[in-house]
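Protein chains: 2
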Amino acid sequence: MDELVIKNNARIIFLIMDGLGGLPMAGKPGTELETAKTPHMDALAKEGVCGLLDPIAPGITPGSGPAHFALFGYDPVKTSVGRGLLSAAGLDFPMTERDLCMRVNFATMNSEGQITDRRAGRIDTESNERLCRKLSEKIRPAPGTEVFFATEKEHRALIVLRGDDLREEITETDPQQTGLPPVAPRALIPEASATADLLKGLLEQAKVALSDEPKANMILLRGYARYHRFQSLSDRFGLNPLAIASYPMYRGIARLLGMKVYAPTSTLEEEIAALETAWPDHDFFFVHVKPTDSRGEDGNFDEKVKVIEAVDSLLPRITRLQPDVLVITGDHSTPAAMASHSWHPVPVLLSAKTCRPDRVENFGEGDCLSGGLGRMPMSSLMNVALAHAGRLTKFGA
Amino acid sequence: MDELVIKNNARIIFLIMDGLGGLPMAGKPGTELETAKTPHMDALAKEGVCGLLDPIAPGITPGSGPAHFALFGYDPVKTSVGRGLLSAAGLDFPMTERDLCMRVNFATMNSEGQITDRRAGRIDTESNERLCRKLSEKIRPAPGTEVFFATEKEHRALIVLRGDDLREEITETDPQQTGLPPVAPRALIPEASATADLLKGLLEQAKVALSDEPKANMILLRGYARYHRFQSLSDRFGLNPLAIASYPMYRGIARLLGMKVYAPTSTLEEEIAALETAWPDHDFFFVHVKPTDSRGEDGNFDEKVKVIEAVDSLLPRITRLQPDVLVITGDHSTPAAMASHSWHPVPVLLSAKTCRPDRVENFGEGDCLSGGLGRMPMSSLMNVALAHAGRLTKFGA
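Residue numbers (the numbering used here), protein chains in the order written: chain A, 1 to 397; chain B, 1001 to 1397.
These are computed hints drawn from the structure, not numbers from a lab. What you are looking at is a predicted structure, and each value in this text was computed from that prediction instead of being measured. We treat Cβ as the ideally placed atom computed from N, Cα and C, and that holds for glycine. Be careful, since some hints might not be right.
DMTMM-like, lysine to aspartate or glutamate: derived pairs with alpha carbons at most 20 Å apart [what the hints assert, rightly or not]:
hint : chain 1 : residue 1 : chain 2 : residue 2
1    : A       : K138      : A       : D197
2    : B       : K1394     : A       : E297
3    : A       : K28       : A       : E297
4    : B       : K1394     : A       : D235
5    : B       : K1046     : A       : D367
6    : B       : K1078     : B       : D1235
7    : A       : K37       : A       : E309
8    : B       : K1138     : B       : D1212
9    : A       : K78       : A       : D235
10   : A       : K7        : A       : D324
11   : B       : K1028     : B       : D1367
12   : B       : K1215     : B       : E1129
13   : B       : K1353     : A       : E361
14   : B       : K1290     : B       : E1154
15   : B       : K1394     : A       : D75
16   : A       : K153      : A       : E129
17   : B       : K1306     : B       : E1269
18   : A       : K37       : A       : D312
19   : A       : K28       : A       : D298
20   : A       : K28       : B       : E1003
21   : A       : K78       : B       : E1003
22   : B       : K1394     : A       : D174
23   : A       : K7        : A       : E172
24   : A       : K260      : A       : D92
25   : A       : K138      : A       : D212
26   : B       : K1260     : B       : D1281
27   : A       : K153      : A       : D174
28   : B       : K1153     : B       : E1297
29   : B       : K1394     : A       : E172
30   : A       : K78       : B       : D1002
Away from chain B, derived, C-beta distances all over 10 Å, residues of chain A [claimed, not checked]:
hint : residue
31   : D92
32   : R156
33   : E168
34   : P264
35   : D324
36   : P335
Start from the sequences and build out the full structure, keeping to the hints where you can.
As structure tokens, then:
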């Protein structure tokens, strides 16, 4: 339907509370969102239209990558990418189409070659930086290839192998439990055997280079992903988008989809201030709130409630900007009761002048069941937002 | 999404009341399910999550075959199979990949070669058995082929033609009304002409063999279906499934999908007893209740209500087993008001610890409209059940 797109000056905000959807839990009759006092969201829900979104499909629990692709109107299954690519994008690594990106975990190996700690005692980020420099200096890539190391955080790093005809269909090397040796990289299809050999050579050199390290004397590889170009939000929807996000991965996803990315922010307040500052310069704003998900992952119901309330208290600063379309939702559910992502559909609220009122008076999962957006695939949301922004023309005569 | 499957010890029950969905009818303000007193299902609905399922697509009335494929998570259009295959599976006929299965109706033909009774006066099953033996003895299959006859019930039998390169794209021979001669089997595609010729020869021999029969002096062929292997529930979902069903066709479908099938049961009580007995040995239980559909087909509203109430009264024996996931639904609607299958969506109830509560307090079609499962394709149900059983991992990072 991208051919229906028309440009205008209407502005759209996607306020994404990561892991927003929840569940009740012992002694808490409602979900986190239902429990939170959200007078501003409730007022928007009353005037606007609500519903529930399935990020991938009923019953399917999404990772943050595919869920965000769905939010931005991309088919989350077709655009599925490996973690390595998301990491590289999040670190703003200048990728080329000859790159194979991978996640690295620094690990501890004993003298028998068995992994004794898959995270090398969660070394600090500074040690990680030192180790990446060491690997960069000592490793001699095979002729015709280049190799890059970049620190993520603690024991996690990125490795990028650059060369011709590299493939991602290779087994990961993390044995998944301690007491076992690393798994040798093995080609899952014949075309990947040359790449598997390159990785074997690389791992042997890494082992030698790290042999004098007390903790982080080995690396484990996973999340193989070949870089490929995505159609940008500008190409597809004629938008001039800005991403405001504190976490690297979300900044990375935004970059993969051609969004401009605002300088790193560390608090919710800073994110709203960034939105205010950048307001004249863009027409699509992706504002990503991470702590809803983090507190959900912690299993901390009350703290997740507080994050939602904090967002609500800042909402007047967003509505004061008078966006043509304001969407408030999450990328997936992270119920504190499960302390993990889940498959439960995600509540969504859309506020615009062209909303057909439904009967929802409070923004919460139970009320959203009778919302006017009904239950939709998450990847349909972008079209609905564009429609309310007057940015989609008629299909057919 | 089958690659997301993980194995654990969680147990799932699918309690399928065939033709469960209904309609109000003169003097009855609610549907059969809404009219039935179902305190146990209502209690489960209150704690669990409800919704409505479309077996094939909105407006499409399904046969039992495709509806059951959808229930078990198979695309009902792509896996569509001819009735002959379902009959063969239901009779536990040992099929091979060289088999063309067909349904046979014994019929009465007059001296002018016109069909005067398409069901041969609904001959009894014993006569059917005698006729199948007679055909087996008298018919000489063409070189390179074999032919098998097996009694189903009353005037219905199964015929299996075994040979090389048999095709199913052939016209059925039942003229659909009396006073007309049988339709000659005609190839619908050129590749099927050899098979059509084989069937013509077979029908000529059958006519001769049955010429001395007073009633059943002809056979009509329909439901052509080449056997092909399906991915099993074990292969796709890592389940160790058991089917408990009294009717051959449902046992047949279960077998086609690789389920173990419990010894035939004839009452609801026996089915529940079977479930209790087999409980330790399986992790997925398909319990099929036929009389809801039969009473619907009879147009008998009150008796269908009674069947539903009988199931409800036995429900405590099921919940006492403490399944991790209990799904109660039908394969399609069979409203007594229509005395036939219908396209109306099917009420569904899912009970598990990870349900997000909705506002449904009674299990019935009207209440299910506001259920938390929303309205889903029936083929999505299996993924939702697996998710609640903790048997699906995350999609993407």
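So, going through the hints one by one against the coordinates:
no., hint, verdict
1, A:K138 <-> A:D197, "19 Å, holds"
2, B:K1394 <-> A:E297, "14 Å, holds"
3, A:K28 <-> A:E297, "17 Å, holds"
4, B:K1394 <-> A:D235, "30 Å, violated"
5, B:K1046 <-> A:D367, "16 Å, holds"
6, B:K1078 <-> B:D1235, "18 Å, holds"
7, A:K37 <-> A:E309, "6 Å, holds"
8, B:K1138 <-> B:D1212, "13 Å, holds"
9, A:K78 <-> A:D235, "18 Å, holds"
10, A:K7 <-> A:D324, "14 Å, holds"
11, B:K1028 <-> B:D1367, "17 Å, holds"
12, B:K1215 <-> B:E1129, "14 Å, holds"
13, B:K1353 <-> A:E361, "28 Å, violated"
14, B:K1290 <-> B:E1154, "19 Å, holds"
15, B:K1394 <-> A:D75, "17 Å, holds"
16, A:K153 <-> A:E129, "9 Å, holds"
17, B:K1306 <-> B:E1269, "15 Å, holds"
18, A:K37 <-> A:D312, "8 Å, holds"
19, A:K28 <-> A:D298, "17 Å, holds"
20, A:K28 <-> B:E1003, "35 Å, violated"
21, A:K78 <-> B:E1003, "15 Å, holds"
22, B:K1394 <-> A:D174, "18 Å, holds"
23, A:K7 <-> A:E172, "45 Å, violated"
24, A:K260 <-> A:D92, "12 Å, holds"
25, A:K138 <-> A:D212, "13 Å, holds"
26, B:K1260 <-> B:D1281, "11 Å, holds"
27, A:K153 <-> A:D174, "18 Å, holds"
28, B:K1153 <-> B:E1297, "18 Å, holds"
29, B:K1394 <-> A:E172, "17 Å, holds"
30, A:K78 <-> B:D1002, "16 Å, holds"
31, D92, "18 Å, holds"
32, R156, "12 Å, holds"
33, E168, "13 Å, holds"
34, P264, "21 Å, holds"
35, D324, "29 Å, holds"
36, P335, "8 Å, violated"
When the structure is compared with the earlier hints, violations turn up for hints 4, 13, 20, 23, 36 and for no others.
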